[in-house]
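K.L.:
So you can see what is in the structure, the chains are spelled out below.
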Amino acid sequence: MKAKFIHITLICHLLSITAIAQIGLNPNAITILNTKNDFTAGDTIALRFTLPKGTKPNLYCTNSYGSTLISPSIKNQTLVYTLPKHISNKSGSIYWKLISHETSLSGQFNIRSKPNVASIETYIGPPSVQAGQNDYTMAVVIPTDTLDNPLNTNTKVTVKHQFLDTVVNATVINNNIIAYSNITSKQKSGRILISSEVLGKNSKEFTVDVLPSLPTNFTIGYNQNHSYADGNQITTFFTSTLKDRYGNTVIDGTYVTFFVRNKAGAVLKTFGTTINGVAKSEMLHPSNPESWTVKAFVNGMAESNTITLNYKEAIKTFNVHFSKNNRTITVGPLKSFMKQLIPDGLQVVAFVYKHNTLVHKYNGASKQGLVTFNLKKDLIKNDTYNIKIQVAGLEKTFNAKILW
Amino acid sequence: MKKKSNKYLITALLIGLAFHGASIFFTLETTYDALIHLFFADHYSHNWFEPWNYKWYTGFSVMSYPPLVHQVIAGLSLIGGLKFGLFATALLGVILFITGVYRFSLLLSGNKVTAGYASILAVFSSSFVETLHVFGQLPSIIGISVLMHALPEVYLWLKTGKYRYLFTGLSLISVTVTSHHVTPIFGMVFFIFPLIGMVIMDVSKETVGTIKAVTFKLFVVSFFKLFKRIVSFGALSLIIIIGCILPYWINSKNNPITQVPIPHGSRDNFLEITSSGLVFFLIPWGCLLIILPYILYRYYSKRYLFFGLSISLLFVLGTGGTTPIPKIILGETAFNILTLDRFTLWASIMSLPIFGEFAYRFVEADLKQLIQHKFGAIYHGIIGAIIVGLFLFITVFTMSLGYFRPSQPQKIKMRPIVNFLNQDQHDQWRYLTLGFGDQMAWLSAQTNALTVDGNYHSARRLPELTTRPVERLENSKFKGVEGIGSLQQFLTVPEKYNLKYIFSNDKFYDPILYFCGWQRLQQLENGINVWERLNIPPISTVLPKDNVAKWQKILWGTLPFLTIIIAFILNIQLMWLRTLKTKLRTVPEYLKFRNNYASFSSVVLKTTHIWALLLAILFVYGLYKVYLKNNDHISPKNTVLAYYNALDFKAFKKAHSLINPKKKSSIAQYMLEISVSDGLLSSYAKLNAIKTTINFKNDSLATAKVVTNWITPLESIDKTDYKTLVKQNNKWYINIDDLNSYLPPDQLYSSNVTTYFNQGRRRITTEQTHHEDVLKQPVLEILSAKLVKFKTHYAIVGEVQNIDNVPADVVLKGTLYNNNNKALATYNAKYHLKHKLMPKETSSFKINFEGIAWSKTKDSIPKTFNPDEFTPVEFEEQPTKFNLQAAGNVSNSDLYKSFAINELNVSSNTISGSLFNSGTEEITIPQLLVSYYNLDKTLLWVDHLFLKDGIRQQRKKSFDYTILENEKITVINDDMSNCYVNGLPNKDIALKVIPNRIINHTQHQLQKINHPEYEFIKIEINAYIGNPK
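Protein sequences, first through last, are from chains A and B. Under numbering that gives the first Met the number 0, the first residue of the first sequence is numbered 0, with each subsequent residue one higher. Under numbering that gives the first Met the number 0, the first residue of the second sequence is numbered 0, with each subsequent residue one higher.
This is chain A alone, in the form it adopts within the complex:
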């Protein structure tokens, strides 16, 4: 049906061709017989001229893709130049010129794209935007006809997008090959689906994500089994749900740093990433009685309130026993808050001093409540030493111990 339509218009065009070039007085002069200078891509386009007496000139013909020479055929005493398909299929301006010594005849005509759409190229970017009013994404639509010509300027293009319950249709005008529409971000996070429509033909679906905006201030809390400084149990810190200024929960994986300042002023740190807006992080209980001040940050964007944790002492006192030429020091049994043996791994430190200068520092960990240090002869020569033992913030010093 379509083919037939094209055929009919083509015949009409051919019949209605009239001259647009000037008619010369010379009998050898050639005049154009076509009148129309507007064609549709894909039509058979033939330029007709009066038949001169002498030579039959070639027609030079050029468009933005290239140039060619066309030799004439003679039909009904007219010169007929039929444009090859690779020229007549492309929309745009075409310039022609007869290559003849006698006459200088040239002209131009336009080929318009077909008034239908074969494909719609769509480009959307960026693929994600930040919630709020500032950020936006741009949809660029390039509709083309069956011969891959961009549609004519001023063709109407509808860019549609859906977000939650609303569907918005924006009509934009095709200009210089493309049509584009800016889609502003939303306050709620979610997904925008975008498509476009040109002359009744629809594109496929495209996706743009609206991601939450920056986090705002939040609160923190903690969980623990007991508040004793046993160096073994774990305290968990957590945040309230981190939200942006529009009430969206921040994206999973948002990095939160918990700064913990202890009694001595040292800055301890633990880190967490959010899941459903909540970040959790863990720390081991200290082994000394402590007071921790905790505040969490999302660097440059948000911070929490400050909370304070107090750890009570788990070990009240401890025993030290020297044996084997005073070279073996046994600390313990170390007992916790219910007089139970402290869980394995409590750190015990032994300092060996000679005249107030540190000779060596031994780190030990408790096992079944006991810690044993062996002072090897290589390191600690036979002499008199002062020995200091530190356990869970407690300290005992033994002066003038003779090692042999």
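Each statement offered as a hint is correct.
Straight-line C-alpha distance at most 20 Å; calculated PhoX-like pairs for lysine-lysine: (1) B:LYS662 to A:LYS375; (2) B:LYS718 to A:LYS375; (3) B:LYS991 to A:LYS187; (4) A:LYS380 to B:LYS696; (5) A:LYS315 to A:LYS395; (6) B:LYS718 to A:LYS376; (7) B:LYS1007 to A:LYS294; (8) B:LYS730 to B:LYS628; (9) A:LYS55 to A:LYS74.
Quick caveat, the hints were computed from the structure, so don't treat them as lab data. Remember, predicted model here, so these are calculated numbers, not experimental data.
Could you slot chain B onto chain A? The hints should help.
P.N.:
Same frame as chain A, but now just chain B:
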């Protein structure tokens, strides 16, 4: 008289083909060189006339190696593939070698029986077996074999002056030249010169009748008689040596070897490094050592005098660095370029004719009679059995050397790697292999992808490679610190060479890959780990090459085969005649000088006996020394050494056997304890040096101070341990320390994390990624950046934050400029950056500007290089400005962030504390990034510390960090206007995402320290997970 074909030679050929033909399939592919020749052959099979190869070293010319053998393999590969070509060529080499030895022996002795014996012995010659089955030096074998074929022709030309012999001789020499360039050059000196001497002797002898009557004067007269022939032959040979591989010489002249020499075992002192002595001296000489007095005796007889001199020289040169003589003779340069093992190879080949003669005399002639007469038949039989047994034992041992001490990693199935490179356009980037050994050449032959590495070190071109004594990046860990130093430059700035993929067959390299910003991609089905680096542009479609003139290409492509064809036409008739004797023809001149074996000198027999006894004593003494060295319990020192070696080689069962039996736990408990200790020191360290001092020792107890140095991929670690040793049942044992006894409170843990998956292309298609599937680059913000000067070197320090909603892989590239905006240096952030950042995470960074290490001071490579140290760029002008380019790419790996700084104690010069691993992955290598601030809380410097031990799940680990010395740091420029993120100006893009940033938000959370230069520090943690679950 109809002549018979030589049954000994036929036997030798049959045995040779069966023996080598059967074993070659199990040995050749694991040799050092065979696969390199295969790679070259692959090149010729695709580009016969194009000498430029892009696959290695960002391009090199195959004109850097004589082409014949490679072209022969390439030609044969058209029939049955590359490996068929390789094996066929190797078998050709075997045939050429056996016949070559036969002809050489026949030339010397004039006796077909002894020559036949020599050819049989040649089959099992340990030096030949080693060269073929262990080293895989095909061109060298073919070169020397053809040279031996040329010798009789040369002799006949000099003796008779018939031109046909000149042509046949020269034709064979041209084949030698095109297969191996070094062989004819040294062959001239060591084989042809003595041969000329022998011809002159023979001519002199003919004049006076007996060899005894030949005087020096007569010798000179004869020399001048033959002078024309000698000179003409010498001149023509020279023309052939130069002419046949002219492009090679032109190439050598244009690209002189200006690289740092690569250490080679053949240059070692064999007495110090006994393994080199074994491989490069004992094995190639083998049984020949026993009859060395006889060989010298024979070669120093008047006729062979010049061979005597030659073999003596070869013997000495072959001893490498054992004596200073080779260095004096060859000169420093030649000594460092040549591999001296070839001298031993030639010496042993030169000995074969005499060995054949000895065998003949021992088996069926005068020596047999002498021994039987003196010592009896039984003694003769026993001696014979011992020599044959020893000879065969050495041969078998040599052939299976690769089995006892594998020179190569296990055979790697290349198909999955080749497929990986072919799919998804992965071959549009360069790749690198790690831990492949010489098999990397086989991979290169099979894929079109290019690598920055290569396996022919003379052709190395990149300054990063030529300034190091590193033959391949691939095995850089065996080259200690220089190797790792070379490798890390490629890993830090991979975009310079479009290096995107790394195939790792050795987990040793994993930490350096991680901390340089690489990420694990996948494990292929052959167990090879693929690592990739994001943000690397593909290789440009047009690559530079050094073009050569067309005539050179044509000459190179045609001449080698032409030499074969000409040699074939000229010689084949002779070959047939000489070996198979199908037609009666004149007897060659040299057969007139047939040796007669009538009476074996009893003095020589005596000398040989004494010599053999000496050797035997030496051998037994050597064995005793080895026993003393290898007995682990004989002294405390041995026990300590054995224990540390066992730990180094992960021989835990052996380590356990060295522990004090009274104190030790069961092997099961010990293995369990080992299995839970991971980390830089226990999993990635190689023992480099160990020094044991025994402080105290009595009958049953000893204490030792053990100072060890370990090479890890990241840094070199020095460690001092104090160990106690006890003696029980006359054996020394070591006491070990207890493990940390910490018990986590819970048995089972749960944890929630966000994981990410990057689809890549959603549609299964080979097309380039559709634009809808291209992920947005995460937006980063450079919070601060400044150019600082520390001592003599410059660095860019600052902080970067991922302000996007997806995890980002961060690449930071800094460029320094002078006042005139001239770019001075470019480098990337290496260890001083958390390369993976979660959304909103911040990392401090520092970019050091590394020069190509030691490029200026080639000879002052520090003995104690630390992989962590670097050579700062030498600036000719003062850098005053900087440009910083940050690139973010979505990453879904290495995002483990579950850790905490659980304790911290700050003293004036150290910070100690402990890290707590609160998650469900074991941290293999924790890293601390320590940032230093001044009183105004301005960032001045970033330092790092790798913790030696890993941290298991739910456990803590203590650390000690030494605060930097009082070094003044000058801020040169803190103008951030040239900072860019993903190509966009930093300020603009940051303002768009975070319009209301709280500036210096966490600065009041910095840690105060007592230091004259710095007021505050900040500690960040980065963690490498070795085995992600």
